[in-house]
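Engineer: Chain by chain, the residues run as shown.
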Amino acid sequence: MVWISIPLLLLLVWTVIYPNIAVVAGSFGHGLEYWHAFASSPSDREALWTSLWISVASVVASVAIGLPLAFLLTRMEFRGRRVLQAAATMPAALPPLVGVIAFLFLYGESGVITRVVQILLRRDTPPWTLSGAWAIVFVHAYTMYVYVYLFVSAGLERYDSALDEAASGLGAGTFRRLYRVTLPMLTPALAGACLLVFMSSLGSFSAPYVFGGGLRVLATQIVTSRLNGAMGVAYVETTVLAVSAVAALALLRWFEGRRRYVATGKGRALRVPLRSPLARAVTLPTALIAVVVLVLPHLMIVLVSFARDGAWTTQVLPPEYTWDNFRRLVTDTSLLPPIRNSIIMTVLATVADVVVCSVAAYLLVFRRFYGRRLLGVLVALPWAIPPTAIAIGLASTFNRTDISAARVLLVGTFWILPLAYFIRGVPLVASAIEGSLRQLDPSLEEAALGLGAGWWQTLRHVIYPAARPGLVAGATLAAITAVGEFVASEVLYTHANRPISVEILAQVRAFAFGTAAAYSVVLIGIVLLITLLARAAEDGRRGVMALRS
Amino acid sequence: MSGAGSLALTDLTRRFGGPNGPAAVDHVTVTVAEGELLALVGASGSGKTTTLRIAAGYEPADEGRVELDGKDITRLPPQRRDFGMVFQHYALFPHLSVEDNVAFGLEARGVGRTERIARARGALAGVGLEGAGGRGIQSLSGGEQQRVAVARALVIEPRVLLLDEPLSNLDPTLRQAMRDELRAILRRQRVTALFVTHDQEDAFAIADRVALMDKGRVLQIGTPEMLYDAPATQTVAKFVGRSTLVPAVPDGDHAVITVGGVPIRVRAVCSSGSPGLGALAVLRPEGLGLTPPDGSGAWPGVVQSRRFVGAVYAYRVAVADGRVLEVLAADKRAEEGDNVGVRILRQPVALVCG
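Top line first, the protein sequences correspond to chains A and B.
Start counting the first sequence at 1; every next residue gets the next number (the numbering used here).
Start counting the second sequence at 1; every next residue gets the next number (the numbering used here).
Please note that the accuracy of each hint is not assured.
[Claimed, not checked] With the C-beta cut set under 7 Å, the calculated list includes, among others, these residues of chain B facing chain A:
#, residue
1, 15
2, 16
3, 79
4, 85
5, 91
6, 104
7, 108
8, 110
FYI, nobody ran anything at the bench for these hints, they're computed from the structure.
These numbers were taken from a predicted model, which means no experiment stands behind them.
By construction, the Cβ of each residue, glycine as well, lies at the ideal position given by its N, Cα and C atoms.
Construct the complete structure from the given sequences, taking the supplied hints into account.
Structural biologist: As structure tokens, this is what we get:
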């Protein structure tokens with residue numbers, strides 16, 4: 001079985017490492033000339049600096065929202081908690097570009113909320129322009145606080161409440177307990193969430209692309225350089241972006257190594273009802289406002305999807321509504337292909353992810369072989385590399401056929417996007433299956449073989465059932481990421497394989513807001529369908545298990 | 001404020017699931033005198049831990065009072081009670097060193113760093129962990145963690161020390177050793193302690209007095225000897241030590257105990273209730289002896305099994321009415337399947353009356 005690691009390693013080296021090496025090598029194509037150009041270019045320095053500080057600001061803003069929200073929802077009981085809890089993760093259900101478009105409709109210069117405030121304040125001009133660095137941080141905070149909220153909530157769910165009791169029994173008040181015990185214990189969860197926000201912000205493309213105004217960040221600067229034909233500088237920018245992300249990951253790993261705690265207790269804190277009358281009076285309306293803010297982007301997308309294209313100009317809300325947008329998506333031969341492309345490319349990438357990652361995860365968990373550490377790095381690496389960098393890597397590697405250099409022409413063909421989606425899905429699927437398999441006692445496989453079961457029987461009846469929850473979860477995540485993917489798609493698409501996300505932006509640029517929103521609704525619908533299918537697969541399995549027992 | 005205090009729990013009641021829900025703690029009254037070690041013993045679900053948590057202030061009481069030196073502290077939050085607590089899983093802060101764990105309570109009391117480190121080191125020395133201050137919690141063995149937890153609770157010089165199943169996480173050998181050590185430490189510190197355990201042996205080894213709880217109520221409070229020799233109820237008799245309960249008819253300071261149709265008259269004393277309403281004799285294995293099968297004043301039976309339990313042999317003898325009596329004997333006088341007689345060696349026999 002171990003022999004299979006050789007083609008697997010070759011495949012992953014070819015698709016994951018090779019393009020990145022090509023980018024780094026390309027950056028040194030003329031010695032240090034491109035690097036000099038990068039270092040001496042004020043716009044590149046500005047892009048690097050802006051990328052970094054926007055990422056830090058996004059982390060701060062996400063923590064400022066996600067951390068208190070996690071405490072409130074896991075530790076407190078109050079009216080409206082369930083609704084707020086259900087709404088708290090809603091931003092994560094919006095594909096990246098759709099979230100940005102929704103913000104444009106709501107808070108953009110001619111957005112609904114902007115116009116309402118303008119009317120209320122009786123101003124001639126909009127009260128704000130959703131443009132520049134703070135607009136990007138605002139959009140990031142809305143979509144990315146969910147990471148902090150989920151990580152910290154999970155940390156609090158596992159948190160041994162006896163530690164808090166011990167601290168208060170020893171005389172510590174609420175504040176001391178929080179900063180000396182609770183927060184230090186949550187540091188690993190918090191650090192993981194911060195890293196995720198930092199990396200997502202660093203690689204974020206759609207928010208700076210739509211709301212950046214004249215602002216330069218590395219992710220968009222790379223695309224600009226490429227469009228201007230300055231490939232050498234684009235390679236340098238890509239390298240700098242990827243190295244920044246990998247450095248952040250390395251920093252977190254180092255930090256985690258220093259602070260790894262194992263909670264020994266079993267106690268879980270129960271939710272405490274809010275007692276203070278003031279707090280109770282304030283929480284319900286605040287929770288309701290928060291729910292409205294969280295749900296508004298989704299509602300806005302649905303509303304605009306019924307708006308007639310071109311009719312919404314200076315009014316607060318779109319003046320005319322129609323089913324036409326959805327009808328045209330199905331009937332118009334130029335509008336249907338993006339939906340078909342997205343579905344086909346998502347299925348292809350996800351199936352490839354499942355096949356490759358199942359084998360990789362099995363080998364990583366159960367087998368010892370030369371190259372195991374390399375395999376571990378290969379399946380994790382795409383997570384650390386921003387999607388723009390992945391796209392530039394693919395664009396510069398698979399741009400011609402040269403068998404001696406292991407290059408195949410894929411740019412300009414249908415296959416380049418499924419390949420990009422596959423690479424982005426690898427860390428998600430591999431880590432999920434690996435997580436499930438690690439819970440399986442290795443002696444079970446030996447027991448099955450010892451009882452006379454063949455290799456296939458063991459795989460089918462012992463390994464597969466154990467891997468299945470991770471497989472379903474990983475495949476779901478990979479499919480959702482692929483179907484809404486925008487960054488790599490925008491760099492690599494051709495007219496023939498353009499996916500939904502690229503088409504949404506094209507429609508927005510053509511001021512066909514209704515059509516763009518209808519596409520967005522379809523995209524959200526596909527994401528929901530994937531989630532429902534995953535849930536049905538898991539429920540079906542539980543049903544079978546229940547019948548068997 | 002320092003020095004051991006006296007703790008009084010009066011009529012404590014705690015219901016879960018609303019005012020009409022089942023009472024986890026049902027009108028519990030217990031007092032712990034200054035410097036006394038009192039154990040709350042009971043099976044899981046008996047309400048002992050909830051009682052302890054109410055005493056500590058982690059759980060509110062629906063009814064009743066918690067008093068320290070006669071002062072009502074029922075509504076005082078845990079951080080203002082000046083109690084020390086040792087948790088079942090120790091609840092040591094894994095991100096702090098051993099020394100910082102022990103010094104945590106002093107830090108919360110505003111003690112300066114130099115002094116609190118010195119006192120923490122002193123407390124660690126007091127539990128036999130000199131020089132362990134710089135170590136991480138994860139590097140400690142179970143027994144060491146337990147001692148750090150005790151040191152952390154004692155260094156703040158608590159008025160009352162509360163311990164929740166302090167020995168339950170230790171392996172049996174270590175547990176035996178820690179019993180003696182824990183009692184020695186608590187005695188040395190002259191601390192008032194209330195501790196919870198499901199293990200009667202732990203309670204008897206450490207406590208001055210034991211309160212036995214069942215279904216949220218205290219069934220009996222007394223010295224270990226009192227609970228063993230004069231159980232107030234059937235439940236106490238069954239929980240404390242090994243015993244067989246058989247019907248008996250009290251007759252003044254005697255009783256007639258009939259097993260398998262054979263009546264034997266022995267000296268007996270009612271430990272509770274009224275002798276007029278019938279009684280159960282508590283037959284302890286060490287109070288019974290084996291005789292030849294035709295011996296007079298003995299119940300005939302057949303040896304079902306014999307087990308070597310260290311210094312003695314434990315025999316299980318099936319008697320005529322289907323009961324099985326457990327008998328301890330110093331020698332291998334009978335084999336499995338042998339006919340024997342069982343007689344009462346130790347008198348008076350304890351009766352649970354009424």
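Engineer: Confirm or reject each hint.
Structural biologist: Hint check results:
no., hint, verdict
1, 15, "16 Å, violated"
2, 16, "11 Å, violated"
3, 79, "5 Å, holds"
4, 85, "4 Å, holds"
5, 91, "4 Å, holds"
6, 104, "5 Å, holds"
7, 108, "4 Å, holds"
8, 110, "9 Å, violated"
Hint check: violations occur at hints 1, 2, 8; the rest are consistent with the structure.
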